[in-house]
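Visitor: Kindly generate the complete structure, drawing on both the sequences and the hints.
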Amino acid sequence: MIHDDRLAWLVPAALMLGGIGSVQAATLDDVLERDQVRCGVNAAQPGFSALDDEDVYRGLDTDVCRAIAAAVLGDAEKVRFVPLNSVERFTALQSSEVDVLSRTTTWTSTRDTTLGINFTGVSYYDGQAFMVASDLGVESATELDGAAVCTQSGTTSELNLADYFRNHGMEYEPVVFDSPEQSIAGFEAGRCDVLSSDASQLYAQRMQLADPGSAMVLPEVISKEPLGPAVRQGDDQWFNIVKWSLFAMLNAEEMGVTSENVDEMLDSGDPDIARLLGRDGNYGEGMGLTADWAYRIVKQVGNYGEMFERNVGAGSDFNIARGQNALWTEGGLHYAPPVR
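Just so you know, the working numbering puts 101 at position 93 of the sequence shown, and the rest follows in order with no gaps.
Simulated from the structure, these hints should not be mistaken for lab results. No false leads were mixed into what you were given.
Below, computed lysine-lysine pairings styled on DSSO-like, alpha-carbon distance capped at 30 Å:
hint, residue 1, residue 2
1, K251, K307
2, K232, K251
3, K307, K86
4, K251, K86
Guide: Here's what the structure looks like:
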């Protein structure tokens, strides 16, 4: 029999746990109530987030948002995309204007520990590079001493540039703009010799030039830029949902489960596939989701490989090789914990 003094401790402890649970479930509750995921994205970065000819946001970052909506709401299209520039993106997440930020944002220690946000994984492994005019006669970044370099404010690119030029004993003139659109316009207008940003963005900006062949991306990659979605700190349940939505796509690719064969795979005898698709146990329960949460992601959005290929890979105008973004089994860096 429990004595009264123990009961006196257990009751407030239970209330505290209940209170913590309600705080942690706040984002999921809000999303369920509005029946929509609000996702902060780039306004115009083709391949990652940009409006298509029908004014629909398409790209790798937007598909991550669709995967979350499929897992939580059962419909990948229940997303409101909120275009944000690089300066306002973190404030929008902190102030709950958006539920998740999926905007080619680099995971760094400062951002992860001082802004009140948590990165949930890496959706694309990137690195900063340089783009120059093809007729400039430059073949390496080591030849850029004294160059005027266009870059974007509020990004990791500014610090990376300073580090790179200092480390190589070179000088440069920074020409800073507020948006990618202004940066590429400045480059095209000749306000700088070089445009520097994440390689993924440079390939997208190159496609926007009147003559894409007039510019080339130099081979050097001068930084680590792990890009991924971020959420507010203090909401572990929502953190887990966003994290495992990405992991589900990676696991599905590794298991050979695609949007085309996922229905057939429901009867697979492979226990890993059965767990992933909710046929053996309910591994969504701990996140407040139904057992078929991952099935809905793969059925409606596809696995990671499908998402990559149609947006930036061989099925796109960019034709970017998988490289570091291949699965670990194929020599890349992508590796997802198991569903079990």
